[in-house]
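Fit chain B to the supplied structure of chain A, relying on the hints for placement.
Just so you know, the protein sequences line up as chains A and B, in that order.
For the first sequence, the tail end lands on 419 under this note's numbering, and the numbers increase by one without skipping.
For the second sequence, the tail end lands on 811 under this note's numbering, and the numbers increase by one without skipping.
These aren't lab readings, by the way, just hints derived from the structure by calculation.
Beta carbons are placed, not taken as given, at the ideal position from N, Cα and C, and that holds for glycine.
Any given hint might turn out to be false.
Said to hold, decoys possible - For lysine-lysine, the following BS3-like pairs were computed, each having C-alpha atoms within a straight-line distance of at most 25 Å: (1) B:LYS739 to A:LYS388; (2) B:LYS443 to A:LYS388; (3) A:LYS393 to B:LYS772; (4) A:LYS383 to B:LYS443; (5) B:LYS437 to A:LYS352; (6) B:LYS772 to A:LYS389; (7) A:LYS273 to B:LYS808; (8) B:LYS808 to B:LYS443; (9) B:LYS772 to A:LYS388; (10) A:LYS383 to B:LYS437; (11) A:LYS383 to B:LYS739; (12) B:LYS772 to A:LYS397; (13) B:LYS437 to A:LYS273; (14) B:LYS772 to A:LYS352; (15) A:LYS413 to A:LYS192; (16) A:LYS383 to B:LYS808; (17) A:LYS361 to B:LYS437; (18) A:LYS383 to B:LYS772; (19) B:LYS437 to A:LYS388; (20) A:LYS389 to B:LYS437; (21) A:LYS205 to A:LYS413; (22) A:LYS361 to B:LYS772.
Said to hold, decoys possible - Here are some chain A residues the structure puts well away from chain B; computed CB gaps all over 10 Å: (23) PHE140; (24) ASP219; (25) PRO238; (26) VAL259.
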Amino acid sequence: MRILMLGWEFPPYVSGGLGRHCYELTRNLAANGVKVTFFMPKKGAHIHVPGVEIVGVSPKHHTTGRHASSKSWDIGPYPISPYALGPYMYSGPTTETHKPVSNGSGEALLETTENYPLNFFEAVQVYNKSVVREALGKKFDVIHAHDWITMPAAVELKERTGKPLIVTVHSTEYDRTANIYPMEWIVSIERKGIEKADRVIAVSKMTKDELVKKYGADDKKIRVIYNAVNPYEYKQPPQKKKEKMVLFAGRLTNQKGPVFFLRAAKEVLEHEKDPNVKFVVCGKGDLLPQLIEEAIHMGLTGKVMFTGYIPDDDLVRLYNMADVYVLPSVSEPFGITVLEAMAARTPVIISKTSGVSEVIKHCFKVDFWDTQEMANKIISILKHNSLKKCMTKNAEKEADRFDWDNVAKDTIKVYRELM
Amino acid sequence: MPSICMYFEVHQPIRLRKFTVFSKAENPYYDYFDWDKNKKYFSRIVAKCYAPTNNLLLSLIDEYNIKLTYSMSGVFLEQSQKFHPEVIESFQQLVSTGNVELLDETYYHSLASLYSENEFKEQVKSHSGLMKDLFGYKPRIFRNTEALYSNDIAKTVENMGYKGILAEGAEKILGWRSPNYLYTPPNSNIRVLLRNYKLSDDIAFRFSTHSWKEHPLTADKYASWLSANEGQTVNLFMDYETFGEHQWESTGIFEFLKHLPSEIAKYDNLSFKTASETIDSYEPVGVVDSPYPLSWADVDRDLSAWLGNDMQRDCFDRIKRLEGLVKENGSKDLTHVWRLLQTSDHLYYLCTKWWADGDVHKYFNPYDSPYDAFVNYANILTDFETKLKGNL
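Excised from the complex, chain A in its bound form (with noise of 0.2 Å):
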């Protein structure tokens, strides 16, 4: 079995979701026998990934636009990411410096640059061409896609191949924008994929109705697969320390919800006379500056923190610093980094418009707006050991049960429908 997987990010340079998905998913597929071939827009990516043969895809030789012999176009490890799109992201060139950036869970995000030749539209369309050239020479029996930036690519290698195309949702257009102005052209991207593909494979059964809802999909050739983690990574002995923590960790966007973090933490504030509380903000994002102005006129200064971009290391050992993990995200697909914090036997309070909370239940759960009951289960989780100790043994188990190993091979069963 010869699989010709499309990607965008891969760890160690980026890892949301979709980076992380596509590491973890590669290897696994590897270690079950699968060969792959892994597309991602690096020139000379030199991750190492055994069984895996990756290649990095340079469109230097073949651009079409105007400063299509610039030196510094080098779509390279990290200056584009199909997350961080803000409707003033990538409508030109800028006068800001180009330089890796990353969220908090050590995702590139796109930063403009001086130089910057190409729109983002034609950097995609650039990008989907180069993959073409060089896929069309490997040998594959069934084309994999993931989210709609390599969407174009493998439609294209699908028509002119005949092979079978599966894709994989890892968030949608409506969920990156929380519904806020979506970009027609990546809608209709990602309609055009859907359509055409054999087979979905959706993060979430969220992420499935919402395809069969908004973008008309078929039901029947979605298949739900869920993201996972590997416990192991997360674990740290505990620490003394004299404060309590809350963490957010994430894009710094209205999908991630962060504003209803700090309306909670503002909650939290009022309520508790001595508050002994830090609120962390972690990660990075276009909502960054007006967080922080919200932050002050809340009057959370010197409560509440932000750190930016964190390697992963550090994100990890804030896992284990925090007495509580929120995730208030508008519209999360899944939302691995709660596996992640599960992992490292934090607390987590969870939306309910999220993947994850479809399947696991050792977590609070709240609607993203409902910050006054975020409020309540925060204080209830800093002030009852009760309530921490009980959560986190069975949420550290529960957390176990989400193994890569099950993604690949459920994966694999869906590659072998279509063989």
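Chain B in isolation, oriented as in the chain A frame:
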């Protein structure tokens, strides 16, 4: 020639109101308990279970002279009085047939027997007072909350003047022996009636289980099983809500119950006895030793359904610790509230064993999760403690 002792536990908890860390009670009795919700649940279960089952059993007593044994928690009767007094009348009718025996239990359906002999006795006294007031009845036999039983509890209950006590027929105390006989504890002379859990749960739990190889269970098949039993008595103890609530009408449970007496009547060796008739008819055959508390809950048959995790033990300890403050306050109303908060269901909702696996406890839980249940209960306990301290 075993006789059949059918016993029903009738109980409805008084459920709590949604109470957050931001909530404050003006009047604990009204603000801690969700009276609208309780009325809604109670009305539903009257329609589904109490009304049809009482009517059916009244007619069966009339036709087949069957004998039945009940105990009703005080919190059930308190809600009946409030919401559906006709349910009490219907039970009074049952008692007036002379074929129905009533047992005592703790008024509050609490775990008081586990922590304070004094408190336990007071709650039992409240219950027997209610039996006298509502039914003109003085119970001779005792059934503790969730059939909690130990040597110590048996001794205490005997000292209070009871002649018999109900318990779970668990292997832990029986070993190879049959539950179909009377036993005594090692330290006293009270008669112990042991639940035949296999035959009881065939009705209470397995009746509608399609994967059970005996499904569907018919009255004639069940009567033949009863008849095949050796011993003095087959003790069928179960929640009264089995009929119409745990097993819905659509499962055929009422048809089963309706035909059971006539099917049993076909066997010469079978007859019905109340719990008192049972202990008066037979001599105990041996001793059961239960140094640790037993219950009739799930497969563990111990305390773990109420005190199995840290949250449950935490809340239970807090309730216990309030005893002093409550006594110091001396307020009748606040004492009543404190005791209503002791109803075992409040702790049961915090149970995490098997919860993630889905069913096992086929039991109505008004909370999204045991953790939500804990937060609500703990918030009320915190508010109540503040109130008690403020009142001093």
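Next on the checklist: Can you confirm whether the C-alpha distance between LYS437 of chain B and LYS273 of chain A stays at or below 25 Å?
Outcome noted: Distance ~23 Å between LYS437 of chain B and LYS273 of chain A Cα, so the pair holds.
Checklist entry - Does LYS808 of chain B lie within 25 Å of LYS383 of chain A when you go C-alpha to C-alpha? => result holds (20 Å)
Checklist entry - Would the pair LYS443 of chain B and LYS388 of chain A pass a check requiring their Cα atoms to be no farther apart than 25 Å? => result holds (24 Å)
Checklist entry - Does PHE140 of chain A sit more than 10 Å from chain B, CB to CB? => result holds (40 Å)
Next on the checklist: Holds or violated: LYS739 of chain B and LYS388 of chain A, Cα atoms, limit 25 Å.
Outcome noted: Roughly 22 Å separates the two Cα atoms, so the pair holds.
Next on the checklist: Hinted pair, alpha-carbon criterion (25 Å max): LYS437 of chain B, LYS388 of chain A. Please report holds or violated.
Outcome noted: holds (21 Å)
Next on the checklist: Just to be careful, I want the Cα atoms of LYS389 of chain A and LYS437 of chain B compared with a cutoff of 25 Å; is the pair within it?
Outcome noted: It holds: about 23 Å lies between the C-alpha atoms, which stays within 25 Å.
Next on the checklist: LYS361 of chain A and LYS437 of chain B were given as a pair; does the straight-line alpha-carbon distance stay at or below 25 Å?
Outcome noted: holds (20 Å)
Checklist entry - Quick one, are LYS772 of chain B and LYS389 of chain A close enough, alpha carbons at most 25 Å? => result holds (14 Å)
Next on the checklist: Given the hinted pair LYS808 of chain B and LYS443 of chain B, is their Cα-Cα distance within 25 Å?
Outcome noted: holds (14 Å)
Item to check | Pairwise hint evaluation, LYS352 of chain A against LYS772 of chain B, where the allowed Cα distance is 25 Å at most | outcome: Cα-Cα ~23 Å, so holds.
Item to check | Straight-line alpha-carbon gap LYS361 of chain A to LYS772 of chain B, limit 25 Å | outcome: Holds - the C-alpha atoms of LYS772 of chain B and LYS361 of chain A are around 12 Å apart, at most 25 Å.
This entry satisfies every hint, going by the numbered hints stated previously.
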